[in-house]
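Participant: Read off the chains here:
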Amino acid sequence: MTDRLKHNLYTKVPLKFGPDGKFRVLMMSDMQEHLNYNPRTLRTMEKLIEVAKPDLVFLGGDNVKGKKFENTEQLKKFLDIFSAPMESRKIPWAHVFGNHDYDPPLPAIEKQLVYEKFEYCLSKHTGEGIDGVTNFVLPVYCSDSDKIALNVWGLDSGHLMDELLAMHGDVHEDACPPVRSVNISKYDVVRFTQQMWYWESSREIEEYNGSRPEGLMIVHIAPHEIQLIKDNPEVLGCRGEVCENMKLGVFNSGLFSTVFQRGDVHTIASAHCHKNTIEGEYCGIRLCLDGAIGFSCYGKEESRGARLFVYDEDGTSETLFLSAMDYLPEDTLKD
Amino acid sequence: MTDRLKHNLYTKVPLRFGKDGKFRVLMMSDIQETLDYDVRSFAAMDGLIEEHKPDFVMLGGDNASTKRFTVPEEMYAYLEYFASPMEKRGIPWAHVYGNHDHDPPLDDLLQQLEYEKFPHCVSKHTDPDVDGITNFVLPVREQDSDEIALAIWGLDCGTWETHAQLIALHGQTYPKVLPKVRPEPSNNRDVVRFTQQMWYWKSSCELEEYCGRKVPGMMVVHIAPHEMQLIKDNPEELGLKGVAEERLKLGLFNSGLFSTVFQRGDIKVIASGHTHESNMEGEYCGIKMTLDASVGYTCYGRDDTRGGRIFDFNVDGTFETYTVSSAPYITPDIAHGPREQLPYLIEHGGLKI
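Taken in order, these protein sequences are the chains called U and H. The first sequence lines up with residues 75 to 409 when you count with our numbering. The second sequence lines up with residues 9 to 361 when you count with our numbering.
Each hint should be verified, as a subset may be incorrect.
[Stated by the list, open to error] Per the computed footprint, the stretches of chain H lying under chain U, defined by three or more beta-carbons under 8 Å from a beta-carbon of chain U, are:
1) 53-65
2) 107-117
3) 186-197
4) 262-270
Simulated from the structure, these hints should not be mistaken for laboratory data. Backbone N, C-alpha and C fix where the C-beta goes; we use that ideal spot for every residue, glycine too.
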């Protein structure tokens, strides 16, 4: 067994499908809070966890307003508060970084280690040679056997495009020419080293497991192909709202194409644009967004909430956007 | 040294910069002929080589209309003729497959082995664990030392067939695979697969380690990366030159090849064929992307763009590129496009219609 496989198979708390053959993942993104926070954010998290009864909570990035944290103690204090909804209920949780999680001044790896100290936080990170920090896979086992039925993948979408573009010197000017057909913006992409890590990890796990587990991939900024869902609502079965520009990574990294060729992941879930909650299916892969769970950041009342995935042991799944408005009385949403 | 590095460093004929510190590549794509051919296609190739005296000739795919071939021996007979402009002058040459080179019934690998039989053909191929056939790198060394100054990469863009397998894998149907509104003019073509990109990435890292520095590279792949469309859409900002009217007919997905190459940081130019009429070029994020129009005269095309493309490399990795027209070699006696049959075809009973 390679070290990579050993690391990939490890979860601090074992994940298993329930006796009903279901596994529920609640994805909450863009809390984007800090120590001086809006209590509605925390109340909404608590309430949606009560409603959704997840087996795993996944924080989809921009978990904090990064530039407000001067030291790791502050981040620890913050996560004491914002992981309490999961920790107090002994619900395993994990996270990926979004662009704001990279905001200075703290180095990303130092932040990561603060997360990983929490008892129910299952997040892991990749080592040297692989770009980004929050790259990991969490195997979820069948209810009645030691076979893996589901892999929950996290990938780090990085920070701003500046670091990427710096590889070629002075190309900043032409990286974002005026005429572009997808809503690209100033963000980095899932790098090739990360995609290689996913590909090789996925192959190793399949070989170890004797079959290819279903996959759910979470990455803060969606693949460029999400634009196809928006642009072809009927044929690609678009549901949910698009109220803002997608603000995608500067290049199409090929992540969708890679995942399609590998053939194990059938849902890629992202966040990043707070007002968008769409889902749709392109070439057999569901692409979806989950609005924002935070109330301090910009957003729209209808799109504040979380996304629930209910997986069946046979690999099929359903997903639903849970709007905070539907579950919390209006007065608790107003502060 | 890994087997991969050993294979990557090997070229049947050594490739070297000239005394003048230059290395000239002539790329010609979309010959797309058969054993029964238009003599202008041959005249174009022979004329371009005679006049521009390249150090190396790259065939950029759709080198033959493969569906009109039945056995590998026919491909040998075809190349005996169409590679003779290089072979008779002792000029090393290589090829990548285009979509049409994958057309049935010829086996992709058996066909490749026919190419590789030619003394000056330096094309290589990857093992079956890497998708496609014509994936290789050719190191070009300095004139007076063994230092590698340039790497010429070939990648196989696949075809409709493999694309269909890919789609079938996910049980998909066309209207959903190619929805009406798409960011780039993608088509029912395959893409440079992830295994090929991994092969390039790992090979490039090994080459860098071996040479002690990143080796400037030229990458040839029959169908351009999706980012070529950005050059068409932003002509001023990205320095569009040449004819660019034809729709690009790109691979089904954006494979991320441009992004991968950008991150690796060694490739200076990605050169493609495929669209017979366009011969555009431009630069996006420090990487030049070029097309050459078809050199073949049987296939569709435009007589004012038919020809090839020159890349004049300097030992420091800088280069110039420009298109070269084949029009001067179409003499009045062949201007009407006479057809001829190769001896092999005649010996085997002539043209079957």
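Participant: For every hint, state whether the structure bears it out.
Facilitator: How the hints compare with the structure:
Under the rule that three or more residues need a Cβ within less than 8 Å of chain U, the assignment of the stretch 53-65 of chain H is violated, with 0 such residues. With 0 residues having a Cβ less than 8 Å from any Cβ of chain U, the stretch 107-117 of chain H misses the three-residue criterion, and the hint is violated. For the stretch 186-197 of chain H, the assignment as covered by chain U holds, since 6 residues bring a beta-carbon within under 8 Å of that chain's beta-carbons and 3 suffice. Check result for the stretch 262-270 of chain H against chain U: holds, 8 residues qualifying (beta carbon to beta carbon below 8 Å, three or more required).
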